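Q: Residue strings, one per chain:
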Amino acid sequence: MTGLPTSRPAPAPVPVLALGDVLLVTLRGELHDGAAEQLQDDLAHRIASGPAPLQGVVIDISGVEIVDSFLGRVLAEIAAAASLLATRTVLAGMRPAVAITLVELGLTLPGPVTALDVEAALSLLGRAPVSALPVPPEGGV
Amino acid sequence: MHAPSASASAATTRLHIGSDADLAWVRHEVRQAAAGLGFSLVQQTKLVTAASELARNTLVHGGGGHVEMTHLEDGAGRGLRLAFTDEGPGIPDPELAMTDGYTSGGGLGLGLSGAKRLVQEFTLDSRPGRGTTVTITDWTTVLPAARTGGS
Amino acid sequence: MAEHDTALGTAQELGAFLERRREQIAQRWADAALFRTVFTVSRDEAVEACKAVVDALAEVARTGRLEDVTAPGFGAVRDQLGRMSASRSRAGQNPSQIADEIAGLREPVGALLRADFDEDAVERTHACLVALTVLMGTLRLVVLQTTVHAGEELIARQREQLLEVATPVIRLWEGIVAVPLIGTLDSARSQVVMENLLEAIVGQRARYAILDITGVPTVDSLVAQHLMKTVAAARLMGAECIVSGIRPAIAQTIVHLGIDLGSITTRASLADALAHALTRQGIVVSPRPAAGASAP
Numbered sequence: 014m015t016g017l018p019t020s021r022p023a024p025a026p027v028p029v030l031a032l033g034d035v036l037l038v039t040l041r042g043e044l045h046d047g048a049a050e051q052l053q054d055d056l057a058h059r060i061a062s063g064p065a066p067l068q069g070v071v072i073d074i075s076g077v078e079i080v081d082s083f084l085g086r087v088l089a090e091i092a093a094a095a096s097l098l099a100t101r102t103v104l105a106g107m108r109p110a111v112a113i114t115l116v117e118l119g120l121t122l123p124g125p126v127t128a129l130d131v132e133a134a135l136s137l138l139g140r141a142p143v144s145a146l147p148v149p150p151e152g153g154v
Numbered sequence: 051m052h053a054p055s056a057s058a059s060a061a062t063t064r065l066h067i068g069s070d071a072d073l074a075w076v077r078h079e080v081r082q083a084a085a086g087l088g089f090s091l092v093q094q095t096k097l098v099t100a101a102s103e104l105a106r107n108t109l110v111h112g113g114g115g116h117v118e119m120t121h122l123e124d125g126a127g128r129g130l131r132l133a134f135t136d137e138g139p140g141i142p143d144p145e146l147a148m149t150d151g152y153t154s155g156g157g158l159g160l161g162l163s164g165a166k167r168l169v170q171e172f173t174l175d176s177r178p179g180r181g182t183t184v185t186i187t188d189w190t191t192v193l194p195a196a197r198t199g200g201s
Numbered sequence: 006m007a008e009h010d011t012a013l014g015t016a017q018e019l020g021a022f023l024e025r026r027r028e029q030i031a032q033r034w035a036d037a038a039l040f041r042t043v044f045t046v047s048r049d050e051a052v053e054a055c056k057a058v059v060d061a062l063a064e065v066a067r068t069g070r071l072e073d074v075t076a077p078g079f080g081a082v083r084d085q086l087g088r089m090s091a092s093r094s095r096a097g098q099n100p101s102q103i104a105d106e107i108a109g110l111r112e113p114v115g116a117l118l119r120a121d122f123d124e125d126a127v128e129r130t131h132a133c134l135v136a137l138t139v140l141m142g143t144l145r146l147v148v149l150q151t152t153v154h155a156g157e158e159l160i161a162r163q164r165e166q167l168l169e170v171a172t173p174v175i176r177l178w179e180g181i182v183a184v185p186l187i188g189t190l191d192s193a194r195s196q197v198v199m200e201n202l203l204e205a206i207v208g209q210r211a212r213y214a215i216l217d218i219t220g221v222p223t224v225d226s227l228v229a230q231h232l233m234k235t236v237a238a239a240r241l242m243g244a245e246c247i248v249s250g251i252r253p254a255i256a257q258t259i260v261h262l263g264i265d266l267g268s269i270t271t272r273a274s275l276a277d278a279l280a281h282a283l284t285r286q287g288i289v290v291s292p293r294p295a296a297g298a299s300a301p
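Protein chains in written order, with our numbering: chain F, 14 to 154; chain E, 51 to 201; chain C, 6 to 301.
Derived by calculation from the structure, the hints in this document are not laboratory data.
These figures come from a predicted structure and were not determined experimentally.
Even glycine gets a Cβ: it sits at the ideal position worked out from N, Cα and C.
Check each hint, because a few of them may be wrong.
Facing chain C, a subset of chain F residues (Cβ under 10 angstroms, in silico) [stated by the list, open to error]:
# : residue
1 : M107
2 : R108
3 : A112
Bound conformation, chain F alone:
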C-alpha cells in the first residue's frame, strides 16, 4: 500500500524481559500498531508457556507519549488474557498528560492494575521489599 515508505525504520519488536517470576516490558516512544499486536501475541505465549507460575507482568509506559484507543485496547487485552492465565498485569508510569487524554477519550482501562513506576509495580506484585516504612518528612511527628 505504501508507495515509498521513505527512510522510516521498520518497527523493532518490543523486548520482553524476565525478572524471576515477573515479566517486564518497557515501551518507549513511537509504537507502531504492528509492534503492539506482536507484543500482545508474544506476551500471551510467554505467560502460557512460562516454566513457573508467573507473579505478574509489568508494562512500563513511562516513555510513551500518547496512548490512543488502539494501544489502549491492546493494553486492556493483554491484561484480560493474562488474568485468564491467573497472572496480574501492572501498568506503570503513565504520564499525566497521557492520563488526562485517556480519561477525556473515555478510556479508563479498568482491567490492569496501575502503579507510579516500575519499582512500585514490583512491590505491588510482592517482588521487592515494600520500600521499607515510609519516613515522615522533617523527622518525627
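Once you have looked at the hints, place chains E and C on chain F.
A: Frame of chain F; chains E and C shown alone:
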C-alpha cells in the same frame, strides 16, 4: 471548499496515510507542529491522540488517504487545522458513528466520538460512496474560555 | 437616491458646523464632569481632549457614517475614550452612568447649533439636530464598547492570576499530596487543578492524592464530572484519589443531581482523608507513650 474563519498562512503540509508507519509519521509531525505553535503539553497530547484516531480511521475505514495540516492565525491566537480525507465508502449514518462504543472494526469504538472530545473544533463531512473528510482545529489560548466538555 | 444625498448633505453640514464651532464646543465640554475629572492637570488639557473628540465627530460626520461605530474617524480617539471611561469607572461610575455623561454632551452642542442657523431655515436646523443626536448616540456606543472591552481584559487577567495562586498542591506526608480547593470551580480552573495535582503525583511519587472541597460553595454536575475525571486520571497513573470535605448540603445536591460518586473514596474532612491514606500505607500515628503523664 472550506471557509476558514481565520487567515491561513501559506504553511500547509500534506501527509500520505497508507500504512502503520504513516500513522506514526502523522503523530510525529502533528506533535512537532503543535509544540512549535506553543501548545501546552496536555493540549499537544490530546491533539496528537485525536490525530492518531482519525488517521487510523482514514487508513482502516477509508482505505487510506491523506491529512492536510494548516497553520492558522487569528489575532493573538495561533491554531492548527488537520483535515483527514479519504475516498472510501463514506459513513452512512454519521450520527450513529459519533456514538461512544459504535465500531465498525477493531477498536473500542471511541475513534470519532473520542477524537471530538479531545479538540476544540470538529467537523465531519461524509457522503456515502464518495469518501469522508474529518476536520479538527485547536487554538493556543491561555484560557479555554470555560468550554463545557461536550457529551 | 435623493433621500440618501440629502442625508449625506446634512451629515456634511453637521461636520462643517462641528469644525467651525470646535473651540466653543470644547470650551463648554471641558467643564463637564466627564472631562474635568479625568484631565486634572489643567483646564487646557481638558480642552485639548475635547477638541480631539470634536475633530473625530466632525470627521465621522463628513464621511456620512453617523451610525457606524466602526467608522475610521473614531479610531483617533478610541484610546482616549478608553482611558476616560476607565478613569470614570475607577471613580465609581458604572457603565450606564458613563453613558449618561456622554449623552449630556449633546445639549451644549445643540444649543450652539440652533444659534448658528438662520431663524427661517427651520427644516435644515431640525435635520442637523437629528443628525447630531444620531452621531452622539454612536459616540455613546463607542465609549460603551471600550468600557466593556477594558472590563473583559481586566477580568481575564484576574482570572489568570487567580488560577495560578488558588491551586497549590501541598505535600502532607511522604507519598501523600493534597489540594485544598477554595472558591468556585469552573471548567478552566478544574483543568489547572487536575494538571497540577497529576504533576505533583509524579514529582512527589505520591501514592495518595487528596482533593479537599471544604471551601467549594457548590457542586454542580460539571464540577462533579471534573472531580471524577481527576480521580480517574490519577488512578491511571497509579495513585488513589480521596475527595474530602463534602459538606452535608453538597452531599444532598450530589444525591439530587443523581451523580454517582460511588467509585470514589470520600471522607468527611481533610484529617480523615489523611488518616485513611496513612493507614493504607501501614503508618500508625499515636501519642508518645509517656507524654500523657508528664507533659507540662
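Q: Which of the listed hints are broken here?
A: none
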